[in-house]
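Engineer: Build out the structure end to end from the sequences listed, making use of the hints.
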Amino acid sequence: VDRRDTGDKKAGVIERQAPAEALRDLLRVPAAAPLAPLPLETFVPEARQQTPAVRQRATRPDARLHGLGQTKYIDDFYLPGMLYAKIKRAGIASARILRIDTKEAEAMPGVVAVLTGRDIPCNSFGPSLKDQPVLADERVFHAGDGVAAVAAVTEQIAAEALEKITVEYEPIMPVLDPLVSLTLETPGIHAPSSNIYGHKVIKKGDVEKGFAASFRIFEASFRTQMVEHVPLEPHSSLATWDGNGRVTIYSTLGRITLGRADIARTLAVPMSRIRIIATVVGGNFGGKNEITTEPVVALLAKKTGRPVKCTFTRPEEFTSSTTRHPIVMDYKTGVSKEGRILARQIRLVLEGGAYCSWSETTLAKACILSPGPYDIENIHAEAFVVYTNKTMTGAMRGFGAPQVCFAYESHMDDIAKALGIDPLEIRMRNALREGSLSPTSQQLHSVVVRETLLQAAERFGWNAQGGRS
Amino acid sequence: VKRRGRGIACMWYPIGFTVAANPSAAVVKVNEDGTATLLTGTVETGQGSLTILAQIVAEELGIATGDVHVVSADTDTTPMDTGAIASRTTYVTGNAARLAAEKAKKILFEVAAPLLGVKAEHLEVGDHKIRIKGFPQRSLHIGDVAERARGVNGEPPLGSASFNPATAALDPETGQGKPFATYVYATQIAEVDVDDETGEVEVLRVVASHDCGTPINPMLVEGQVEGGISMGVGFALEEEILFDAKGRQINPNLTNYIMPTSLDMPKVEVDIVDSYDPTGPFGAKGVGEPTCVATAAAILNAIHDAVGVRVTSLPATAEKVYMALKAKRAQEQRVLQPGP
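One line per chain: the protein sequences are A and B, in this order.
Per the numbering used here, residue 51 is the first one in the first sequence, and the count goes up by one each step.
Per the numbering used here, residue 47 is the first one in the second sequence, and the count goes up by one each step.
Please keep in mind that the hints were generated in silico from the structure rather than gathered at the bench.
Watch out, some of these pointers could steer you wrong.
Taking lysine-lysine pairs in the DSS-like style, the calculated list, with each CA pair at most 27 Å apart, reads [to be verified]:
id : chain 1 : residue 1 : chain 2 : residue 2
1  : A       : Lys382    : B       : Lys149
2  : A       : Lys214    : B       : Lys292
3  : B       : Lys224    : A       : Lys259
4  : A       : Lys180    : B       : Lys292
Selected chain B positions facing chain A (in silico; Cβ < 7 Å) [said to hold, decoys possible]:
id : residue
5  : Ile54
6  : Asn77
7  : Gly92
8  : Ala119
9  : Ile262
10 : Met265
The beta-carbon is built from N, C-alpha and C at its ideal position, and this holds for glycine as well.
Structural biologist: As structure tokens, this is what we get:
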């Protein structure tokens with residue numbers, strides 16, 4: 051029974067339609083902006099046209115296109131003869147690859163080419179440690195690793211072909227807990243290296259002296275989880291070669307300069323023969339800072355002589371792109387009677403997942419920021435990042451800061467409560483000021499922590515009694 | 047029963063890392079009609095960075111934002127940029143764009159100075175004009191000057207520049223040094239309702255006071271703060287990638303990975319605190335990442351204020367809050383009725 055509402059004059063009336071008519075309706079051109087001469091005129095004076103320009107609430111030129119559905123994302127691109135690529139995921143967290151059989155997939159009608167790790171000229175990349183393969187060839191380090199890719203005339207055929215590829219694995223016991231990983235002996239997951247692949251220390255003043263002078267000492271532990279960036283637009287790229295051996299790659303990359311260097315390295319092609327065009331990106335949040343599908347589509351396009359596009363499915367966004375570092379955070383804080391922090395000791399263990407990615411940067415930022423926006427004379431902060439056989443963690447909005455802020459601010463409220471000081475007041479007493487020295491003893495300028503505290507408190511209607519004014 | 051609570055959290059966040067080179071380059075061309083084109087290697091990822099860069103170039107040239115067209119993110123045509131990362135675009139790429147526009151402006155000043163009968167250093171820009179400082183009625187339209195620069199002087203007004211926050215290595219033993227060019231600060235206060243029977247948390251309101259130096263575009267700053275808070279709410283209460291015992295994700299989809307929708311969003315009130323950083327373009331620092339930093343901490347403190355339980359691991363799902371409440375009640379029972 052067709053239950054669709056016709057939606058016109060006969061609102062509320064359910065109309066039965068012949069199947070052929072219903073089918074025609076379903077095949078109608080998708081919703082698009084109504085025909086109108088371009089450019090579209092606005093009816094109000096725009097801040098974009100005002101001088102001076104700075105501090106104007108100028109509209110974004112792309113906002114109108116987004117609103118009208120006119121923005122072209124890579125998934126909207128089509129080049130003549132274009133093929134669609136799909137990547138087969140390991141689905142096992144840790145294993146040795148014994149054999150990959152692609153014969154049956156290659157024989158499928160509509161399948162044009164299959165790619166495995168062995169076809170990749172230089173099968174490793176990474177922003178600091180080059181520990182990540184484009185497609186796993188000998189060893190699987192996490193379940194989201196790609197093990198083979200297919201280019202076919204339709205996405206459906208490519209997806210079906212993945213099912214025809216068989217991979218024989220020799221399972222290896224996975225390491226899944228960062229605290230366990232921390233204690234394991236060398237060689238670790240990425241032999242011959244240790245599982246601890248990054249370490250950072252910040253030492254300022256003398257914490258032991260600070261603790262000795264403290265009225266009270268508080269200790270607490272906090273943990274955060276792994277989360278995804280979940281951009282609306284998944285990772286996507288489209289490669290096309292010309293007869294001179296030059297490749298153009300349309301990509302959702304957020305950093306094309308480094309992306310081009312990584313692509314040139316993995317393809318073993320000079321940079322001058324690679325053009326990266328980053329299109330309008332539908333959300334990044336740190337997740338699109340490194341290459342994913344680009345070498346795969348470039349090599350499949352080279353192999354087939356056809357443009358090739360690959361767009362992550364939503365599950366791949368979760369399993370095969372970077373995520374935010376879970377962190378285990380231990381805090382020890384010595385305070386005076388008045389609630390001034392005299393010493394703070396911190397240990398952070400970051401879970402890096404299967405590959406390094408941007409862990410070293412995240413580790414450093416988390417460590418430097420971990421004491422909080424407070425003027426503290428004695429600090430000892432130590433951070434480790436360890437491999438596990440889970441989804442790799444990397445850059446994500448905040449780079450370690452949301453995790454440590456959750457810890458130092460929860461800890462701060464507990465200290466305030468124990469000392470009977472209002473949460474706003476204890477922060478005001480400890481906040482960094484103009485000229486304060488940061489945990490790395492950098493003299494700070496344009497410091498406005500106290501101003502933000504007071505402004506937010508005023509807007510909220512904060513009063514020390516806990517009621518709301 | 048629903049219990050109301052409030053929680054405060056402040057934070058700091060660095061802008062412009064310096065431990066490794068962090069450059070951006072830019073090219074500005076002033077067209078013969080007084081409009082301009084900016085070439086930048088950064089990528090628009092939805093945050094409005096290209097509009098910010100256009101505003102910076104427009105300000106430096108004394109023209110309007112809409113007069114600046116931005117060409118971005120093409121390795122064949124645009125200059126090197128470290129990328130849309132680390133909340134660096136306004137500060138680092140913005141400084142490069144401003145410096146490039148300043149160089150193009152210098153060419154215009156050299157052309158305009160003899161026409162206005164003063165030295166170049168006595169000129170300024172504003173309202174699409176090049177004018178004498180203190181005598182704004184003595185002026186030339188920037189388009190006329192640009193056309194003359196090309197057609198008479200034979201030196202088209204264009205400028206290229208790069209900016210890199212002064213690089214400094216940290217002491218490897220103690221980590222002491224200057225790892226970042228500058229920092230931003232913020233406070234967020236959350237108001238929540240916690241159902242003390244189910245553990246469910248509803249975030250009613252988040253007040254956010256943010257420092258970004260000069261807000262180049264206050265509307266885009268507010269947009270960043272609202273977006274950051276939505277990510278913060280998910281991080282605080284719902285989002286978590288779960289694994290089975292063999293290390294495979296069990297919820298890699300939007301059905302089982304729960305994140306806030308517009309219906310879960312609290313009322314967000316944004317204030318931009320007065321601040322000016324002399325090292326940033328027109329005093330600007332940045333705002334992208336810092337917006338999502340304090341939210342979870344403020345919400346968790348509000349939960350504690352509402353029902354007296356301290357959840358020490360994220361996310362604070364209803365289940366986790368409920369278990370904490372149950373444990374707290376059991377503890378209270380033991381205190382009230384000591385065993386035989």
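Engineer: Please go over all the hints and tell whether each is borne out by the structure.
Structural biologist: These are the hints, each one checked on the structure:
| no. | hint | verdict |
| --- | --- | --- |
| 1 | A/Lys382 to B/Lys149 | 52 Å, violated |
| 2 | A/Lys214 to B/Lys292 | 24 Å, holds |
| 3 | B/Lys224 to A/Lys259 | 25 Å, holds |
| 4 | A/Lys180 to B/Lys292 | 26 Å, holds |
| 5 | Ile54 | 5 Å, holds |
| 6 | Asn77 | 16 Å, violated |
| 7 | Gly92 | 5 Å, holds |
| 8 | Ala119 | 4 Å, holds |
| 9 | Ile262 | 5 Å, holds |
| 10 | Met265 | 4 Å, holds |
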